[in-house]
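J.: Assemble the complex: chain S is given as a structure, and chains E, R and Z must be docked to it using the hints.
Protein chains in written order, with full-length UniProt numbering: chain S, 1 to 308; chain E, 1 to 308; chain R, 1 to 308; chain Z, 1 to 308.
No lab work stands behind these hints: they were computed from the structure.
Here a beta-carbon is modelled for each residue, glycine too, at the ideal position from N, C-alpha and C.
A hint or two may mislead.
To be clear about the criterion: a stretch of chain S counts as covered by chain E if any three or more of its residues have a C-beta under 8 Å from a C-beta of chain E, and this derived list gives those stretches [unchecked claim]:
no.: 1; segment: 88–101
no.: 2; segment: 134–143
no.: 3; segment: 189–201
4 protein chains.
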Amino acid sequence: MPMPEQFHDIAKRVNNWGRWGPADEIGTLNLITDEVVREAVRTVRSGRRVPLALPLRQDGVQTGAIPGRVNPLHTMTSVNWQLFGPDTVATSDDVVTMGLQAATHWDGFGHVSHSGRLYNGRPASTVTAHQGAEFGGTEKITSLVSRGVLLDVARAHGVERLAEGHAVTPEDLDTAEELAGTRVHCGDIVVVRTGQIQRYLGGDRQGYAYPSPGLSIRTPEWFHARDVAAVADDTLTFEVFPPEIDGLWLPVHALHLVEMGMPQGQNWNLEELSAACAEDGRYAFLLSATPEPFVGGVGSPVAPVAIR
Amino acid sequence: MPMPEQFHDIAKRVNNWGRWGPADEIGTLNLITDEVVREAVRTVRSGRRVPLALPLRQDGVQTGAIPGRVNPLHTMTSVNWQLFGPDTVATSDDVVTMGLQAATHWDGFGHVSHSGRLYNGRPASTVTAHQGAEFGGTEKITSLVSRGVLLDVARAHGVERLAEGHAVTPEDLDTAEELAGTRVHCGDIVVVRTGQIQRYLGGDRQGYAYPSPGLSIRTPEWFHARDVAAVADDTLTFEVFPPEIDGLWLPVHALHLVEMGMPQGQNWNLEELSAACAEDGRYAFLLSATPEPFVGGVGSPVAPVAIR
Amino acid sequence: MPMPEQFHDIAKRVNNWGRWGPADEIGTLNLITDEVVREAVRTVRSGRRVPLALPLRQDGVQTGAIPGRVNPLHTMTSVNWQLFGPDTVATSDDVVTMGLQAATHWDGFGHVSHSGRLYNGRPASTVTAHQGAEFGGTEKITSLVSRGVLLDVARAHGVERLAEGHAVTPEDLDTAEELAGTRVHCGDIVVVRTGQIQRYLGGDRQGYAYPSPGLSIRTPEWFHARDVAAVADDTLTFEVFPPEIDGLWLPVHALHLVEMGMPQGQNWNLEELSAACAEDGRYAFLLSATPEPFVGGVGSPVAPVAIR
Amino acid sequence: MPMPEQFHDIAKRVNNWGRWGPADEIGTLNLITDEVVREAVRTVRSGRRVPLALPLRQDGVQTGAIPGRVNPLHTMTSVNWQLFGPDTVATSDDVVTMGLQAATHWDGFGHVSHSGRLYNGRPASTVTAHQGAEFGGTEKITSLVSRGVLLDVARAHGVERLAEGHAVTPEDLDTAEELAGTRVHCGDIVVVRTGQIQRYLGGDRQGYAYPSPGLSIRTPEWFHARDVAAVADDTLTFEVFPPEIDGLWLPVHALHLVEMGMPQGQNWNLEELSAACAEDGRYAFLLSATPEPFVGGVGSPVAPVAIR
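The following block holds chain S by itself, in its conformation from the complex (with noise of 0.2 Å):
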């Protein structure tokens, strides 16, 4: 079933092609100039930094559901090898596998193509087993620091956790945004909590991957209108799953990687920040979640922190 008229008319409104030149790779992250870091900067009152990553473990968020996308297998190489002899320093060294979206990560550009085209026009044949993302590979998204904000759906509803099959509306980010009590803007990177993580941090992986509240996709002219550098969220699916449309499968993905070229975080986990954020009534803080600089890759893990 090819992409219905409803689709294309969002794409239409939200489409970056072009607008960063056409050899552009890093789409909205254009955004964020020095000026928008230095206000992300000022954001900084108490010093405290709360972490947003999963550990990297191989009990995971991965159910085995999503082909080849493996929770990180950890496994030793040396265990105290003493190499130069006895009584001398021992080292251990450490390797991993891993998929690279299997945690809380980034994705990049190439990770979902359209019609045949990724972001900024290039062919999704673009994309290959040889090189991975020829363009638009995480590679260069050579760092990623701005103003965060959190908005906190799940809060500003006055729930733990948003319902199964929430899909976020551009009204709950709008509520979620009064709670915040700061306006998004230009540059920003805004990280919208669900609460749908708990499930994960509870034990139920099951629960947490699927079915899941997440993104519409009436959002992404939302974000497009306010100019935003990225979305992160702190579910597996990203966006709503399944789908609000019979038949339309992962539209936010399209929107945002593909019409948009704007990267997307997912798995992120934002409870200790909701909390930070209720506490002293700040959402807004210095993000710094520069992920790992893959050539070609796809998606990548990232350690963000918020430094509030």
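T.: For chains E, R and Z alone, kept in the frame of chain S given last:
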């Protein structure tokens, strides 16, 4: 050959065991207080972000000399896969296998033991193939953000890069500190530049690896005196290699990781940072360098960013 | 809880340490002489080859219960890559990450130790993260070809498969040997069929893994008396699980691998073989089952073939 | 540059598409009938087994020249792990990451395409990152056992090993067949010895890889005329490399894998076999060489054994 007297003398002087309690697992990172971070934030002027990570690629810095520490092998598990049928969105996914210390990384406390002990007196045997580092795994470093100070030893010496066997001494650090125009203090992350990484960037992987300039056995006392939180440099071996004292292998590793409980970083690309600092004479910056939180990791990749 | 007296009594009776010299690393495989192979070859009548391996796939028998023993993750490093230019040949390449015991495999002697010892009295400490099994690694098994005899316990009992907790006893083996119509003798590879693998083949991975029928602690003496070279079966646990004696875990593993120095095979698919043997009443065949020669491997995948 | 006329001429003459029906996925392996195996078994005289696989180790034959085809990385996930408590059995477990064609292996039909086609006219696009080879994956080769014939070209020429650029011709095969004293016939596996692997065994990995003697573009017709089931040799490139005809890359691969549907084996260690055959003048044997059944594999490791 057991560690010589000279080593034990220094070890006694820099030892931090028990300083933050017997249960402590993050050592000198305790020195990064909220106040330290607030001050670090105040160093930001332009908002420019300078990345310090090497891109992660199969053609990375590892030569095969360190068994098992493999360069990143990035492979695709799907390429434009139309899971949901023809004309729908297509997804691409990737995985990686890599040594956690293969590229730009932090050494964790599990990486080195001597005399059967790890940081804080933990038995070396608590590192196992089964779970990696039981204590001081890299997942315990939930954030690593502080004031960074570039000690540009190469530039202070007026050379492009230090000679192969140059052991960076406390006096070298003093000279570079003078160039930096700021005094290194408690909680700082010191970034020492030798220029050695130019060899790798220029295509000479073997020459980069060995022989290498790097920190002298005398520098841990300097770092201890200043109570820095962490130290990173732009070499593969971190310390001068081959070692200064015949038969005394990796003494700086043993002093930093075991005695002081201080994370150390390797393979940081400091070339762009060096140019930026020299340009405006500001050598202090906000450094965001949180490692990926591998549970039990004895090392971990990091994508550090200097925010100036 | 230390191993009970009962275990040590059996251990003494089946112990093969020193039998093939103090340097021996292949144990009972020494029993496969040229003469044994010549006789094995004589069992071939029809020329039909029956494969006994499970296909290697991500959806394999592992459930995640055994940490690190991951199902095969097969990924592509190139797909129709035209290295030499357009209109030339295109190549595809693949890699795998997998637990060496994840699917149809042999256990090597490094897999299990008890009381600090491996086969032939080697210290357990000779297995290291750095090099795997220093002694008795799977690369030492340069060939594994002999007469195979199917002991079809399920069929001998007239059932499709043995009950969950069924411990296969020496008496069961006697009954199945009677059905086989050939006496198991020195150098044979005994293949014991419980039918348990039907659970996995039918889609019930958990049910396959546990609880499982399997060999009783009393069978090693039977195998020792017959001086068989190796034993394989169609279960995940090899021996009955949970164990027969409370608190005595994996006693058959310990007796076979440590005391006898006898390789044991798991997850063998014996369904087609069972039908073939039943059809013509011939239960002996030429069995070719050489493991992949991983240096230091404590286990190794194998694609066994019965040639009838 | 498209494949030249000369290639297409040969291709027409050796093409097997449709020969075993349009659904066939095993090509010339269809030639190994029960009768062929019965005859193969009759070649066994002494019962001696000669292994033909290289040990699987990180220090293997790959030099890094073929992207992604990594040497085996063998790591431990547990070492003497006492899961069940102190004084119980301890278990060690291991995993591997490796290129499926990294060491001694068979090429599957998915490995090479030309002009958009795979064996039996399947579209090249049926090989995908998502599932590997949809047709002709290595799991389709459920057994590979037949009569093996060593064509010892080096010995027939009276040299230790062939010169670097030696293209093994049909005439060379004739000469070696004469030495072998047996006529290669339908269903045989031909094992061609150049002696090149001595370079690797002697420590010269680069010299082993390239330049290399190997099969000439004229040999596929020889193999086709004899209707052999498979061909293996003791080189990395299989065919002579650099190629005989300027700009015609891997023509033998294209003819064997695409046109004939004939598996080909590389990196086989034929040194011990050569000595054994020369000793008693018997060059035919039972060859057991079933690859690991990776689902969708375009290549697969094998531990071949010649049973004499």
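J.: It remains to establish, for every hint, whether it holds in the given structure.
T.: Hint-by-hint comparison with the structure:
1. 88–101: holds (count 14)
2. 134–143: Coverage by chain E holds for the segment 134–143 of chain S (3 residues, Cβ < 8 Å).
3. 189–201: Not satisfied, violated; 0 residues make the cut.
Hint violations for this structure: number 3 only, all remaining hints satisfied.
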